[in-house]
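J.: Sequence:
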Amino acid sequence: MPQRLRSVQRTGRLVAHGHPHGLHFLGDGLQVRHIASVMYDFSSQILGEKNPIDMGKDENGSDKLQSKDQIIAYFKDAIAYTHKAMQSITPENAPTKAGTAAFIGLHSYDHYGQMVVYARLNGVTPGGAPAGQGKAAP
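For the sequence shown, this note's numbering gives the first residue as 1, with consecutive numbering after it.
Everything labelled a hint here was simulated from the structure, so no lab data went into it. Mixed in with the good hints, there may be bad ones.
[Said to hold, decoys possible] Quick list of simulated restraints, FRET-style, between CB atoms:
no.	residue 1	residue 2	range
1	121	93	38 to 44 Å
2	113	67	22 to 28 Å
3	96	58	26 to 32 Å
4	57	91	34 to 40 Å
5	45	69	24 to 30 Å
6	92	125	40 to 46 Å
7	57	123	28 to 34 Å
8	63	93	32 to 38 Å
9	114	49	24 to 30 Å
[As the list claims (entries may be wrong)] List time: in silico EDC-like cross-link candidates among lysine to aspartate or glutamate, alpha-carbon distance up to 20 Å:
no.	residue 1	residue 2
10	84	41
11	97	49
12	68	54
13	76	59
14	76	63
15	84	54
16	97	41
17	76	110
18	64	41
19	50	77
20	64	77
21	76	54
22	57	41
23	64	54
24	84	49
25	76	41
If you're wondering where the values come from, they're calculated on a predicted model, not measured in any experiment. Glycine is no exception: its CB is placed at the ideal position from the N, C-alpha and C atoms.
Please put together the full structure from these sequences, using the hints given.
T.: As structure tokens, then:
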């Protein structure tokens with residue numbers, strides 16, 4: 001995975017492994033929905049396309065996204081769309097698109113950090129847990 005998408009990959013692993021009771025430690029999935037929505041928004045700008053999703057209130061995507069499965073699918077689709085955007089960057093267009101691409105990674109890391117704190121408060125240890133301590137999330 002390209003370096004600029006490592007934060008997205010780490011966030012995805014945390015989301016997928018999450019908490020046994022769902023995404024409640026992530027603010028009912030709002031953080032995940034927000035990250036994905038912003039990925040869509042900035043990726044559409046890189047591609048020069050109309051944003052394909054409803055940004056919803058506070059850039060959290062559609063309120064119809066409620067279940068863990070729906071939110072994870074939305075996040076995975078955002079990753080695929082972001083990959084498409086990143087692959088469209090060339091040496092010729094990088095001066096106008098690289099900053100937007102970098103922001104996707106920075107924004108994802110910011111929220112990943114918040115999610116790690118919430119996860120730890122709920123007994124989930126991102127990156128693996130020592131034996132008998134929490135539920136590991138790679």
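J.: Hints first: check each against the structure and report whether it holds.
T.: Here's how the hints hold up against the structure:
The hinted range of 38 to 44 Å is satisfied by residue 121 and residue 93, whose Cβ atoms lie roughly 42 Å apart. The beta-carbon spacing between residue 113 and residue 67, approximately 25 Å, falls within the hinted interval of 22 to 28 Å. Under the hint 26 to 32 Å, the C-beta atoms of residue 96 and residue 58, about 28 Å apart, fit the expected range. Between residue 57 and residue 91 the C-beta distance comes to about 39 Å, which sits within the given range of 34 to 40 Å.
For residue 45 and residue 69, the hinted distance range of 24 to 30 Å is satisfied, since their beta carbons lie about 28 Å from each other. Taking the beta carbon of each, residue 92 and residue 125 are about 44 Å apart, inside 40 to 46 Å as hinted. As the Cβ distance of residue 57 to residue 123 is approximately 30 Å, the hint placing it in 28 to 34 Å holds. Against the hinted window of 32 to 38 Å, the Cβ-Cβ separation of residue 63 and residue 93 comes to about 35 Å, which satisfies the hint.
The hinted window of 24 to 30 Å between residue 114 and residue 49 holds, with their beta carbons roughly 29 Å apart. For the hint pairing residue 84 with residue 41, the CA-to-CA distance comes to about 13 Å; that is within 20 Å, so the pair holds. Taking the CA atoms of residue 97 and residue 49, the gap is about 13 Å. The hint holds against a cut of 20 Å. For the suggested pair residue 68 and residue 54, the alpha carbons sit about 19 Å apart, so the restraint of at most 20 Å is met.
Distance hint between residue 76 and residue 59 is fulfilled; the C-alpha atoms sit about 17 Å from each other, no more than 20 Å. About 17 Å separates the Cα atoms of residue 76 and residue 63, which keeps this hinted pair within 20 Å; it holds. For the suggested pair residue 84 and residue 54, the alpha carbons sit about 19 Å apart, so the restraint of at most 20 Å is met. Of the pairs offered as hints, the one joining residue 97 and residue 41 holds, with about 13 Å between alpha carbons and a cut-off of 20 Å not exceeded.
Only pairs whose Cα atoms come within 20 Å are accepted, and residue 76 paired with residue 110 is accepted, the gap being roughly 18 Å. For the suggested pair residue 64 and residue 41, the alpha carbons sit about 18 Å apart, so the restraint of at most 20 Å is met. For the given pair, residue 50 sits about 16 Å from residue 77 by alpha-carbon distance, which is consistent with the 20 Å threshold. Among the hinted pairs, residue 64 with residue 77 is consistent with the structure: their alpha-carbon atoms are about 16 Å apart, no more than 20 Å.
For the hint pairing residue 76 with residue 54, the CA-to-CA distance comes to about 16 Å; that is within 20 Å, so the pair holds. At roughly 14 Å between alpha-carbon atoms, residue 57 and residue 41 fall within 20 Å of each other, so this suggested pair holds. A threshold of 20 Å between alpha carbons decides the hint, and for residue 64 with residue 54 the separation of about 10 Å falls inside it, so the pair holds. Restraint check: the Cα-Cα separation between residue 84 and residue 49 comes to about 12 Å, which is no more than 20 Å; the hinted pair holds.
The straight-line distance between the Cα atoms of residue 76 and residue 41 is roughly 15 Å, inside the 20 Å bound, and the hint therefore holds.
Every hint, counting from the list given before, is met by this structure.
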